[in-house]
Every structure is written in structure tokens, then in C-alpha cells.
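K.L.:
Okay, here's what each chain looks like letter by letter:
2 protein chains.
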Amino acid sequence: MEQWFTENWTENIRFSVRIKAKIHSEKTPFQQLDFYDSYELGRFFTLDGIMMANEKDEYVYHEMIVHTPMSVNPAIKSVLIIGGGDGGSVRELTKYPTIETIDLVEIDERVVITCEQYFKVTASKLRDPRVHLLFTDGAKYVQTTKKTYDLIIVDSTDPIGPGEGLFSHAFYQNCKRLLNHNGILVNQHESPYFENTAREMQRAHQKIKSLFPIAKVYQAFIPTYPSGHWLFGFASNTLDPITQFHPNVQEDHHIQTRYYNGELHKAAFVLPNDVKESLQNALK
Amino acid sequence: MEQWFTENWTENIRFSVRIKAKIHSEKTPFQQLDFYDSYELGRFFTLDGIMMANEKDEYVYHEMIVHTPMSVNPAIKSVLIIGGGDGGSVRELTKYPTIETIDLVEIDERVVITCEQYFKVTASKLRDPRVHLLFTDGAKYVQTTKKTYDLIIVDSTDPIGPGEGLFSHAFYQNCKRLLNHNGILVNQHESPYFENTAREMQRAHQKIKSLFPIAKVYQAFIPTYPSGHWLFGFASNTLDPITQFHPNVQEDHHIQTRYYNGELHKAAFVLPNDVKESLQNALK
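Here the protein sequences come in this chain order: A and B. Counted the way the numbering used here counts, the first sequence spans residues -12 to 271. Counted the way the numbering used here counts, the second sequence spans residues -12 to 271.
Just to be clear, a hint being listed does not mean it is correct.
All copies of an identical chain are treated as equivalent in the list; a pair is satisfied when it fits inside any one copy or across any two copies.
To be verified - No farther apart than 16 Å at their CA atoms in a straight line, the calculated lysine to aspartate or glutamate pairs in the EDC-like style are these: (1) 127 <-> 182; (2) 7 <-> 24; (3) 43 <-> 182; (4) 263 <-> 250; (5) 7 <-> -11; (6) 82 <-> 115; (7) 43 <-> 261; (8) 112 <-> -2; (9) 82 <-> 250.
Quick caveat, the hints were computed from the structure, so don't treat them as lab data. From a predicted model like this one, the values you see are computed outputs, not experimental measurements.
Make the full structure from the sequences, and use the hints.
P.N.:
Right under this line is the structure:
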């Protein structure tokens, strides 16, 4: 009998993937965690039934959330990742010899442990000596830590369940406080297409825009996230992602990318009229 | 009981839409034709079970396939549309007072008749006096007509069923023959993501590239087509879509667009590395 994994993109839209096998399933103290092998996407894992990453296209998300800020400030040395327990963002960051320290604050240790076992495609660099794993609540961490960072990456789930606190005004305010001069905040910014995610996109933009003089949104094709039209936020006190863009940073370090390139960096910030309008409406 | 429409994006990926009602269903001499009303996408229609257009995002496809060439050659007066029986491309074209004649060659008259009844969002301008409806096979039409055109839009279904002949070398060759000096050929170019559509993307590119000195590919977010990452082809003997781009054409004619804009025109031609590579591999 055929086995299918189905995700409700909305109450009225479903995305289904034919699976070969369920590889692992557990209820952690924080969420339901499942790993599957599939025909079309290779392995993938879900949190509370929502697909987080799959072998076919995880690189799009992780390249776009890492190489975009790295091309705006190549002097980045210290990075804080909130969430990101699968290790994909860490993997891309460790390609830069210039990065000295990466603090990964993941609430759920089980995500790291199981990804190291079942999802090696992203988890391969979590034991890089520059990486420090902290299993605690990201919202609390940014409230209390005394450290500062050149780059903060909010690599969170959707704003329901454990990810909820990572979309609050207080959270973004604390991030801002932790940023060094020329610091950058990048966050997964939901999708403009379906009403449920568009509302979160608007809320996030409204909050970030109220805190940072430079707050822009960029996009990528991620077919396995709801609608396939996914956004990222770029915020900084000093650096504009277009005018301060350095086109040769990856080339200088012999970093190969499968999706990201310099022209695409700039193009990704060019939004369709409907998305621009929705973001502007959020500020009214 | 809930009713769902499900499309197999591949053998192993399904996209499902909860429907309020099936509005109309018929077997035409060419294909199965169905209209639905849905909770998330409004009305939509399918040919042989494949979604062609829906009220929520049809404008993305139709704006991108029309305004892109119109911004490269604002002097376009005569247009040939192959397929496009839903009228969406016609609707966008009729916004230009400078366009004098639009020949719509649609194999299946029933698509036009039923869209005028059940899908007015796209079909509203099919009776514009500049529009000439010809219900015949597009592949045969381009072989035999003596007319020539400033713009040919291949607004076809996938290359299976009635749309198959619209992806052949002979078809593109005939299109080239019918183009005036500074003529442009634009075609729906499938998607790079899933293997089945990527193969058709490669084949189309290989053929068009062998015929036209300028042959480029551009992209848009169309969440209800397989993967949501959809491509268009732009080909011309003389005009490059970037260097010959005119940024103010829509503004000059007071044409409002919901997705397309001048910056996006250029950004749409910037492809991710994986897509560039796949297109280059097609030429080997």
C-alpha cells in the first residue's frame, strides 16, 4: 500500500509526498519529531507535522539565509543562530574561514541529536570547533546573554509552538541590543501567499521595521514550503543589503553555491507589487 | 463531506485544493474540461485534470507573459497567441492602446466558450474588436499562415495531449519565420524543479536556443503550478530583454500591474545556479 505524508498548507490546501518509509518518530519535551524517506524529496523531517527540511531543496533556504548577510559584511566573525538545530545554517557558515565563533541556541536538543543520526546532509558541521551548542530557549537567551554578535540568524519554525516567542517585539529588540556595529539580523520571514503566513509576514515586518533603520525583505523559491514563495528578513543599523553588497565574497573563499549567486542576491530583494503592497500595509 | 481536487504534480507529489463545488464538467473533442469553485483559490479550471488558472494567482502568469515582451518592444502592434483560450493574455494585451491586432489560435473552442461563462476574470476581453479568434491547431496555423507578427505568445498547456506539437522544433521554426524584424517569441517554459517538467524545460530551451541568437529564460512565483517555480522563454533575433528594456511602458499607458514591475522585469531573468546549470546542460 502506498504511504503518503500530507501537510496542511492551509485548512483548504494540502501538499502530499509519497514516502518510502518512516525512519524515526518521537515526542520530545517540546514537539513531535519525525523523519521520513521519500521518493521525490529524499529524506525529510517534520516538527509537529510541518516539513522543516528535505534533501532535495534544503540548500536553497540555508544558502539564502547565510550567504546573503555574509556578502554584505564579509568581516562577520561572530554569529548567533536561534533555532536551526538541523545544522544547515551552520554548514554554510563554516565554509567561511573568517568566521570565528557560531553559537547555536536550539530549544530542543533532540533535533540536533536526531539530525546528526538521520539527516546528515545538514548536520555534518555541528561539531566544528567553532560551533557552540546551547540547548535553551532562544527568546530567553537573547534577553540574558552578555555576548554580542556580528550576525544573528533567526532560523525558526513558524510562530506557533516553541517558535512563537521568536516573532515577538521583545525578541527582535533584544536581538538589536546584541548586535555589534555593522551587525545584521536575518530571519525566516514566512510567505506572502496564503493568508495565515501572510499575516505573520506582516507582523514580523512591522516589528523589525520599527526597530531598524534598514529593514528589507528578500525571497527565494522553496517549493516544499507553503506556496513555494518564501521570504527572509534583512535588518541592520548601518548596512544596506544592496548598496553595501560585496559580489566576490564566496569566490574569494572558494565557496560553491547551488542556488545563491551575486546577481541573485540583488534580484532576491526585488519584490512583486502584491508583496510590496502587503508589506507596506503592515506599516499602516 | 469535504470535497477535494487533487493534482499529481509528479507520481510522488500531490497538490490538493478543497472545493466548494464543481461548477461545470465536459469532455470536449480535445480534452476533459472542468471548472471548480474553491475555498482558497476562488474559481479555477482544469484541462485533463491539470490546473490551468485560478482566480487567486492567474494574474502572475498573464502579467509576466505579456508585460515582459511589451517592455522590450513598446512598438508591438500585431500579436499572435497560441493557446490562451482562457483570455488572460488577451486581457493584459488589450490594456495597450498601441496594439492593433491580436490573433488567438486556440484548438479548443469550448475553452473560450466556457471561460466566458464560468471564468470571467480572464475572459473579459475576448470580444475586444482587435481580437480575432481562430479555433484551429496552433502548430498547423504557424505552418500555413501568410501573416507575420511583432509578438508571438505560446500560452500552451504542458507538452502532453493537444499541447504536444507546440513544443517541437518545427513549431518554433515556424514561429521564427512569422516574426517581423524586432519580433519576440515568448513561451510558457515549464519548471526546473521536478524531473518531468525539468526535462521539458531543457528540451524547449535546446530547441529555441538553436534557432534564435537571443534566447533567455525568466521566472515567476506561481504557487499553484507544480513547485511554484515557473519559467518563461524570451527569444528574439534582435532584442535583448535586459539591454533593450524600457522601464516606463506601463506607466505611459496608465497600466496597473499586481505582480509585474520594472525592477522585477530585470530580476526575473536572474536565475539560481541550479537552474542555469540545468539549462546549460540542455545545450551539451
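K.L.:
Against the earlier hints, flag every one the structure doesn't satisfy and list their numbers going up.
P.N.:
Failing hints, ascending: 1, 8 and 9.
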